[in-house]
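2 protein chains.
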Amino acid sequence: MATNITHHAGITRKERNDLRKQQGLTIWLTGLSASGKSTIAVELERQLLARGLHAYRLDGDNVRFGLNKDLGFSDADRNENIRRIAEVAKLFADSSSIAITSFISPFRADRDTARKLHEVPTPNDTTGLPFVEVFVDVDLKVAEARDPKGLYKKAREGVIKEFTGISSPYEAPEKPEVHIKNNDDLPIADAVKQIIDYLDGKQLLKA
Amino acid sequence: MATNITHHAGITRKERNDLRKQQGLTIWLTGLSASGKSTIAVELERQLLARGLHAYRLDGDNVRFGLNKDLGFSDADRNENIRRIAEVAKLFADSSSIAITSFISPFRADRDTARKLHEVPTPNDTTGLPFVEVFVDVDLKVAEARDPKGLYKKAREGVIKEFTGISSPYEAPEKPEVHIKNNDDLPIADAVKQIIDYLDGKQLLKA
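First to last, the sequence lines map onto chains A and B. The numbering of the first sequence is full-length UniProt numbering, which starts it at 1 and goes up by one. The numbering of the second sequence is full-length UniProt numbering, which starts it at 1 and goes up by one.
Since the hints were derived computationally from the structure, they do not count as laboratory data. What you are looking at is a predicted structure, and each value in this text was computed from that prediction instead of being measured. Careful: at least some of the hints might be erroneous.
If several chains are the same, the list does not tell them apart, and a pair holds so long as it fits within one copy or across any two.
No farther apart than 30 Å at their CA atoms in a straight line, the calculated lysine-lysine pairs in the DSSO-like style are these [as the list claims (entries may be wrong)]:
(1) Lys202 - Lys21
(2) Lys181 - Lys161
(3) Lys14 - Lys69
(4) Lys181 - Lys14
(5) Lys116 - Lys69
(6) Lys149 - Lys14
(7) Lys175 - Lys202
(8) Lys175 - Lys116
(9) Lys69 - Lys149
(10) Lys14 - Lys193
(11) Lys149 - Lys161
(12) Lys206 - Lys175
(13) Lys116 - Lys202
(14) Lys202 - Lys181
(15) Lys193 - Lys149
(16) Lys181 - Lys141
(17) Lys14 - Lys206
(18) Lys116 - Lys154
(19) Lys141 - Lys116
All chains should be built: construct the whole structure from the sequences, respecting the hints.
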């Protein structure tokens, strides 16, 4: 396969980062439905943009109804969903942008696949791209009590099948780069600060 | 499908464009193998980056071996290849970036699909995103004479099947936004200028 593809010297990652004054990376949020992932992702994106950085959120709204609209919720389709999201996030990271993904991504194996894909060098560099896993951690009972869209209720009633936490497992990350305990009413700003502090500490927010 | 996805108010396209001082769009190059697409795409990306704009090339190197590595060269897979590329380009455009795609994309129906996908509003705006089709036009005999990788030769020998121009049709665009006649030794700079002039004329290179 892919024998009829030719190579053309493009812009190296270093050239691009220098021009953009930014390096690329992927911030991978994972957690139960109603854990607060999307709220955190939106505010994180806002703060990164305010710092003059290029950042973009990949979430159900712009991925599930577009790129992955051919995929359902079977195990195979969920795997493929995560694989494609990881590949797209990596393209954004490769473009010197910060990709923020906001998906339950309940399976450790899928998240590990996403991480490993980022370790594969891109055509414009000999290295992969940073992958920052952020565990947005709430107890199931807290998420279920929030239930802003009544999804847990529907899952309990069996209206929604294979709902993470109810009828399908959530495998918590073992060594996430950032672990946000979001059970109590943690202010959004504090949650986002945990991520930003990590990124700053690792010098990831500068070229 | 996709019933268990919730909405979270994000950054609007206008907010993002204002912050980034840039609007997003997709520049879709199409043409025969050895027409000069990739060379033009690389130089175009370089000039856009030099102007302080965020731009990123999607091509065989970073898409075929990543996101679309599960796809072969059957008709169905070629269609799906183009569909995914179009969706990813649109995500870049939605992020206030300039996506430059560089694929033969020989079928009018596929390119029309790509264009139509861009007309669908994104979650952060009520409109779609600009789609600029660039026809890199060479006569088959010119492309075949160039044949930098010996692909036309292999296609003539039957080693490569369904090779565009030899054993599979190339359907020329009827109304491309930019039409580059690349038969003679057109300097790369002139080819790129045609595209930049079009974008400037349409005010597409400013927020």
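Comparing the hints with the structure gives:
1. Lys202 - Lys21: For Lys202 and Lys21, both the intra-copy (16 Å) and inter-copy (28 Å) Cα distances are at most 30 Å.
2. Lys181 - Lys161: Answer is within: at 27 Å inside a copy they meet the 30 Å cutoff, but 55 Å across does not.
3. Lys14 - Lys69: between (35 Å within a copy, 26 Å between copies)
4. Lys181 - Lys14: neither (36 Å within a copy, 33 Å between copies)
5. Lys116 - Lys69: both (24 Å within a copy, 15 Å between copies)
6. Lys149 - Lys14: Between copies only: 28 Å across chains, 44 Å inside a chain, cut-off 30 Å.
7. Lys175 - Lys202: within (16 Å within a copy, 49 Å between copies)
8. Lys175 - Lys116: within (15 Å within a copy, 43 Å between copies)
9. Lys69 - Lys149: So Lys69 and Lys149 pass the 30 Å test inside one copy only (21 Å; across, 36 Å).
10. Lys14 - Lys193: Both. Shortest intra-copy (28 Å) and inter-copy (25 Å) distances satisfy the 30 Å Cα cut-off.
11. Lys149 - Lys161: Close inside one copy (16 Å), not across copies (51 Å); limit 30 Å.
12. Lys206 - Lys175: within (24 Å within a copy, 43 Å between copies)
13. Lys116 - Lys202: Within. Shortest intra-copy distance 19 Å satisfies the 30 Å Cα cut-off; inter-copy 41 Å does not.
14. Lys202 - Lys181: Answer is within; shortest intra-copy Cα gap is 21 Å, inter-copy 48 Å.
15. Lys193 - Lys149: within (27 Å within a copy, 51 Å between copies)
16. Lys181 - Lys141: Intra 14 Å, inter 64 Å, cutoff 30 Å: intra-copy only.
17. Lys14 - Lys206: both (12 Å within a copy, 25 Å between copies)
18. Lys116 - Lys154: Neither. Shortest intra-copy (35 Å) and inter-copy (35 Å) distances fail the 30 Å Cα cut-off.
19. Lys141 - Lys116: neither (32 Å within a copy, 44 Å between copies)
Hint check: violations occur at hints 4, 18, 19; the rest are consistent with the structure.
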